[in-house]
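Heads up: the protein sequence lines correspond to chains A, B, C and D, in order.
Using the numbering used here, you'd call the opening residue of the first sequence number 1 and step up by one each time.
Using the numbering used here, you'd call the opening residue of the second sequence number 1 and step up by one each time.
Using the numbering used here, you'd call the opening residue of the third sequence number 1 and step up by one each time.
Using the numbering used here, you'd call the opening residue of the fourth sequence number 1 and step up by one each time.
Incorrect hints may appear among the rest.
Capping the alpha-carbon separation at 35 Å, the derived lysine-lysine pairs in DSBU-like fashion look like this [said to hold, decoys possible]:
#, chain 1, residue 1, chain 2, residue 2
1, C, K199, B, K132
2, D, K79, B, K274
3, C, K220, C, K277
4, D, K199, A, K274
5, C, K277, A, K274
6, B, K200, B, K132
7, D, K277, A, K146
8, A, K274, D, K198
9, D, K277, B, K352
10, C, K142, A, K343
11, B, K132, C, K142
12, A, K5, D, K230
13, B, K274, C, K117
14, B, K146, C, K199
15, C, K277, B, K137
16, B, K309, D, K271
17, B, K24, D, K198
18, D, K199, A, K278
If you're looking for bench data, these hints aren't it; they were derived computationally from the structure.
Note that the structure is predicted; figures quoted are calculated from it, not measured.
If you want the building blocks of each chain, they are given just below.
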Amino acid sequence: MIYSKVVAMILAGGQGSRLKNLTKKTAKPAVHFGGKYRIIDFTLSNCANSGIYSVGILTQYQPLALNTHIGTGVPWDLDRRSGGVEILPPYMSTEGGRWYAGTANAIYENIDFIDLHDPEYVLILSGDHIYKMDYRKMISFHHETKADVTVSVIEVPWEEASRFGILNTKDDNVIYEFDEKPAEPKNNLASMGIYVFNWKLLRRYLREDHKNKDSSHDFGADIIPTILSDGHRMMAYRFSGYWKDVGTVESYWEAHMDLLDPNNELRLYDEEWKIYTKNLDVPPHYISYDGNVENSLLNEGCEVYGLVKNSILSTSSVVEEGAVVEDSILLPYATVGKGAVLKKSIVLSRHKVAEGEVLGSEDEITLVGAYDMGIL
Amino acid sequence: MIYSKVVAMILAGGQGSRLKNLTKKTAKPAVHFGGKYRIIDFTLSNCANSGIYSVGILTQYQPLALNTHIGTGVPWDLDRRSGGVEILPPYMSTEGGRWYAGTANAIYENIDFIDLHDPEYVLILSGDHIYKMDYRKMISFHHETKADVTVSVIEVPWEEASRFGILNTKDDNVIYEFDEKPAEPKNNLASMGIYVFNWKLLRRYLREDHKNKDSSHDFGADIIPTILSDGHRMMAYRFSGYWKDVGTVESYWEAHMDLLDPNNELRLYDEEWKIYTKNLDVPPHYISYDGNVENSLLNEGCEVYGLVKNSILSTSSVVEEGAVVEDSILLPYATVGKGAVLKKSIVLSRHKVAEGEVLGSEDEITLVGAYDMGIL
Amino acid sequence: MSNLQGIINLGEREDYIRELTMNRPLATVPFAGRYRLIDFTLSNMVNSGIDSISLIVKNKFHSLNDHIGPGKDWDLDRKTGGLRILYPDMQPDSNLISIGDIPVVRSNLSHFASIKKDHILLTRSNYIGNIDFVPALDAHIKEGNDITILTRHIQQGRVRVDLLGMDIVQKRNGSYSIGRNLGNQNNFDLSIEMYIMKKSVFLRIVHETIEEGVEAFLKKAIIARLSDYKVNTYTISVDILPIHSIQQYYNASLTILDPEYAQYLFYNNGKIYTKAKDAPSTLYSSGSDVNHSLIANGCVIEGTVENSIIFRDVHIGRGAVVRNSIVFQDTQISSRANLNYCIVDKFVHIGSGKVLMGDGGLPYVISKGASIR
Amino acid sequence: MSNLQGIINLGEREDYIRELTMNRPLATVPFAGRYRLIDFTLSNMVNSGIDSISLIVKNKFHSLNDHIGPGKDWDLDRKTGGLRILYPDMQPDSNLISIGDIPVVRSNLSHFASIKKDHILLTRSNYIGNIDFVPALDAHIKEGNDITILTRHIQQGRVRVDLLGMDIVQKRNGSYSIGRNLGNQNNFDLSIEMYIMKKSVFLRIVHETIEEGVEAFLKKAIIARLSDYKVNTYTISVDILPIHSIQQYYNASLTILDPEYAQYLFYNNGKIYTKAKDAPSTLYSSGSDVNHSLIANGCVIEGTVENSIIFRDVHIGRGAVVRNSIVFQDTQISSRANLNYCIVDKFVHIGSGKVLMGDGGLPYVISKGASIR
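Please build the complete structure, drawing on both the sequences and the hints.
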C-alpha cells in the first residue's frame, strides 16, 4: 500500500523556447508527439500505470492547450473523487501574486496542496521527457534502501557526460557528489530530473530555500546540493531503457525517427504499459488507390493520396494527390497540398502547405507554419 | 438549442477582504455558506439547472480550496468530455506573465478559451452572490429583444439606490444610461453584475479596452458605458426573488439568519432547482439525550450535546455538553467546548472554542478563529 | 437540454445476421474499423442534443456492458439523465422469460413513466448514418403529430434486392400503414424504424399493449395502432445504411471506403464516439502496399491490403495479401496468407501461406477466436 | 493497486426480511439515515484499496442500478477495474432461469477468468461494519492459505438469540467446517460470510461446481469443498452487525445511536460513501424537541423525535411524536400523529392525529408508498 502514500508533482510550466514555433503559443509538455500523443502523456501514463493516482501538474506558460488536453483526466483514469489529477498554476495570496521562480519554488508554493494528501513520499517529475518507467520500482528501491532522497539516473556515453548533471556514486549507489555539466566527468550516470523525496524532509528544505535570497530555487542547482552537503542519504536509482529529452527541434525530430524502427526500445505496442491520450474521435485513416506509404507511422483520421516515406503523420493530417512527404512529421490536421514536396520538415498543426510548394532539405530540419496553438 | 451556444464565465478571483478572516486564506467564492454549501455553489448550480454546460471559472486569489471543492465538476454534472467546468487562472505567454487587472481583463486574457467553444452568447457571472436564477429566461429575453447586451437588474428600495450601479431605462426596458452610485438616483433598478453579451461584439470591445491605457478594465466602469455610448442596444432584464451579495461579515451573517425563516424566498427545499455541492460523506447529525435545538439549521455530521438556538451548524460541527450557541454560525468541523457560551458569533472552520469560554455580544458580530483555510 | 428522450430498442429479433451475433447483440457488431453499430445511433442522439437515453436490452448483456461501461465516451455518465440500461426483470417466483421486447418494457414501466421529456425518439441500433434529429423533432412539434415516422425516399427501388423484406410506409385513405417491401414498387418510402412520438402516446400504446397482451414486440404494437393517432412521415435527406444481413453489412462496410461518404458519415452533424482503446499509430514497413483501404490504429502492416477495412491491433505479415475483406481487431494474418472476400472476426489467427477465398455475394465469415494454421 | 478483487454476491437467498425487500434487493435496503446496506461493503472495499469489484446480481436490478449509477460516488467509474455488475445471461433459446446464484456465475465465467488479481474477497452485502481488509489479506498470504474464512469471535453466545441459525466455523480433526448455530455453544466463531481465496482456488471451485451440477449456491459449493484446501480463519476484531431479519435490522439501526459506535462505523478505516442526494440542511422549528436521534438532511422537524432514525426529506409536523422508530426518506408524518416502534418505508403519508404502535420485539413495518389518513 505504499503507493497510496505518494503524490507525484509534474513540472509542466516551462516554455521550451528551443522548440521555436512549436512552443510559441503552447507549453512544451503539450507539444504533439508520435502521431497521436502529447509529450506529457508519457509521464501521466507512467503515473497511472504505476498506480499513482494523486498527481499535481505545475503550469505557468500558455496552459490552454494543456488544460484542454487533460480535461478531467479521464484518458489516464485520473478523474477521481479524491486525488486524481489537478492543475496547479501560480496564484495570489494576501502578500500579492508570485510567478513560479524555479522548479523548487513551484513546489514550495504548493505545499498546502501536497499536505492535503498527507503523503510519505513526493515524486518530482518533469513533463517533457519521452520514456516509460514503473515508478513503483523506484519508490520500492527508495523505501528499501532507507534513502532520504532518490535520484533516477541513466548511463550516458562517456563522451556526452559533460552535457549532463552527473551523479558521482559509491559502489552501493550512494550518491556523494553532484556535478553539473562537469568538464572532466568522474562518472557517466546522468540525472533524469526524477526525484523521490521523503516529504517531511523536502518540506523543510523548501522552506529554507525559500528564505535564501541567493538561491535560484531549482532542484538540481540548489535543493539537491544542499541536502547532499547536509549529509542526508541520497541514492541513485539506475534506469535503463528509452529516455529522451525532446528539448530541441533536432532531438524532437530524431525521437520521431526512432519510432519508425519496429524494434525501438520505447515499445509503444506493449499492451501491458499503454500510453494514454485524449481520444479525438476520428475514424481510421484512409489510403487511396494512388496513395503510397513506406516505412511510416500513420495515425487515425489521416488521408493519403500521395507518397509518404519515412515519415510520421499525426491525427487527421492529409497528403493530397501527387504530393511527396519524406523524412518529415505532419502535426495534427496539417495538409500537404497537391504536388507539394517536403523533405525533412515538420509541418505545424492545422497548417496547409500550398499546392506545388517545395520545402526542406537534407541538411537541416525545416519548421513549416507560423506557430502552433496546439488546441484540437 | 440556443443554450448550447452559451459559454458562462464566472468571476471568482477576488479576495473579498471585507469578509476579514473568512477570506484570508481562501477566495470569497469558496467561503462556506448555509451549513452545507460554498458561495459559488449557487452560481454553478444555476448554470447546471439552466442547461449551460460550458463554464469557465476565473481564479486568481488563493484558489486551493476552490479547486479542491470543484474537482472535476461531478456534483454539478459538469464533468463533461467537451465543455464542462474549467478553472482559468492567470498564465504566462511569450510577453511574460500578467495577473488579471480587472473583470474585463480577466475575460480578455481568456478569449482563446471562449473561442474554442465558438459561442453565440457569453454570460458573465459573479461567483459571490446568493440567488437562484434560470439563466435560460434571461438569454431568451436577450434573443427575443434582439439585444447586443442584456444586464440583469433587481429593484432595490429607493433609499438604498445610491449604493448601487443604477441602470436608467426607457419604458420598454431599453437602457439609456448607467449611473454608478448616483447621489440622486433617477431609478431603482440595480445591476446584479450579470451580463449577456453577443460574443462577437464583446470580443471587439475587450480588444479595444485592452489597448486603452486609461481603462480600469472593469465591466461596470469601462465596458458597459463604452458600449452604451456607442449606441448599441442594451436591455435590462428584471429579476425578482432572493438575491444577496454577502460581501461583508454583517451581510454574511444576515443571509444566514434569512435561512431560518421557513418561508424564505431562497427556497432551498425546492426539488426542482437544487443547489449542488461537494458530497463530504458524513453521516446524519446526532442530537443527544440532553441536546436541545430550537429554530436552527443543522447539517450532516453535526453532534449536539448542548443548546442550539437561532443558529446554523455547518457540516460536522460539534456543540459539547452544557454549551450554549445562540444567533451564531458554526463553520464546518468547528467545535464549541463544554460549557462555552456563544452569542452572535461566527466560528471559523476547524476552530475549537475552549471549554467555558464566553464569546460574542448582542451589539456586533464576532468572528472566532484565526483564519479559514476552507479545505475540507 | 433537448425535449426528446432517446429510446434505443435492442429487443427486436436479430437472428438474420447470426454469424456475427453469436456472442454479441447486433448493437455491438464491429463496424468501420473502430466502431460498434450502436455507436452511430448513440452519437447521433448525443450530437442532436439528446441528453437522456434509455437502452432496452433483452439478453447478451456482457458485450454491451463491456463496450459502454460507465458511458464516459459518449458523455452519458450523468447524475441526471445520461444513459440508462433497462434490463428484463426476473422475479424469483417467475422462471419464464417471455418472447419479445414487451416483457422488458413492462418490467421498466416506472422508468418510462418518470421520463421528463415531452417526446421520445424510438430507434434501433442497426441503421447507420450521421443524422441530426432536431429538424425532425421541429417538424413533429410544428405539425402537432402524435407519431412521426422517419423515412428515406427510395427511387428505382425495384432493382434494389438489398431492400427486400424491409419496412415500407404507405398512406391509404388518409392513414399510414407500415408493411413489407416485396419489390413490387419502384418508388417508395422506406421506414428506418425510427419514430418520434409524444411521450403520452408512447405510454398509452405501451399500457394498451400490456393490458391486451396480444403483441410481443413494441414495433408491431405501434404499427397496429397507427390509425388511432395523428401520424405523419418525415423524410431524412441524408444517406442511411441498413444492416439486416451479412450482405448488407459487407456492402455498407465497403461503402465507407468512398472518402466523400466517409466525410459525411464521420463528420456531418458531429463526430461518432466510441470506446477509447488507446492503441498507438499504425506502422507501415517498407514492403507494405496498401490501396483504397481504411486502417485503424495499432496495426503493423507488412503486406498488401486492397479494398479492405482493417480494425485495431491487426498484424498483416510480410507477403500476405488481403483483398476485399474486413478484418476485426486483434487478428493475425501471417506472412504469405492470401484472403479475398472474407470477414474475419476478432482474435483470429491465419497461418502462413493459408488461402481463404469467399465471394462478393456471400463473404466468407471466419468466426471469433478461430485458428487456421 | 490492491492485489485483491472484490466480489459481492447478491445472489443468495434473501427472503427472510421480506417486508423491506419486496421491490429492492437486500443490498439496497436503506440504513442509518442516508445509506443503503451495500454502501458499507463497497466502501470498506474501496477504503481497503480494492479498485476492482464484481457484483453478482440475480434479479431486481432497477433499485441497484438507480443507486449505483455509473459508480462515481465510490470512485468506481474507472476505465480499467472499477465496478462491474454481472447479470445472469438469457439466451433466447433457453427460457428458464435456474435456482441459485451458480447460473449467474456460469454465465460470467469469462469475466472471472479475466480477473487480474491473485486473490479474491467474496462477501455479501448484509454485514455492516467498518473493516480494513488489508490485515486479513496479509495474514492470508503469509499463512499461504487457499481459503481464509473471516470470523467474529463470540463469547456468551448461548444468550444471543439474534445469532441463532447463523453460520459458525468449527475445526475438527484438523479441518474446518461451517454449520448452523443452534445455540448449544457459549463460545464460537461466527462466520461473517466473507472469504479471501486464491483466485485459482475460486476458479477451480466454480468450475467443479458447474461440472458436477450438484450445488445451486456458491456458498454451499465452497463449504462442501473446505476439506480439499488449506483453510484458516481470520478473526475480525471490529464490530460487525449482521442483517438477516427485521429484528436484527431494527436492533442494528438503534445501535448506531450510540455516538461511540457511530464514530467507529462512519470513520474507523475511512468514510462510508453513498449516492449524493443534494438535500439542504435540516430545519428545526422553535417547537421541536429531539432527543437521542440521528436525523438526515433535508428534513423539517416541528414535532418530537426520540430514540429514532429519520432519513432524508422527512417532514415531522407540529405536535407529532416519533419514538423508537425508523422513518425512510420522503415520508410525511403529519401534525399530532404518534408513532412508536415503527419502521416507515419511503413515500409514506401518515395523516394528522394517527396513532401507530408497534412493539420493540416486532416493529410495525409500514410499506412503501402507503397512505394512512
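Hint-by-hint comparison with the structure:
no. : hint               : in the structure
1   : C:K199 with B:K132 : 30 Å, holds
2   : D:K79 with B:K274  : 30 Å, holds
3   : C:K220 with C:K277 : 38 Å, violated
4   : D:K199 with A:K274 : 25 Å, holds
5   : C:K277 with A:K274 : 10 Å, holds
6   : B:K200 with B:K132 : 28 Å, holds
7   : D:K277 with A:K146 : 46 Å, violated
8   : A:K274 with D:K198 : 28 Å, holds
9   : D:K277 with B:K352 : 30 Å, holds
10  : C:K142 with A:K343 : 58 Å, violated
11  : B:K132 with C:K142 : 32 Å, holds
12  : A:K5 with D:K230   : 34 Å, holds
13  : B:K274 with C:K117 : 19 Å, holds
14  : B:K146 with C:K199 : 33 Å, holds
15  : C:K277 with B:K137 : 42 Å, violated
16  : B:K309 with D:K271 : 30 Å, holds
17  : B:K24 with D:K198  : 54 Å, violated
18  : D:K199 with A:K278 : 34 Å, holds
In the structure shown, a violation is registered for the earlier hints numbered 3, 7, 10, 15, 17, in ascending order.
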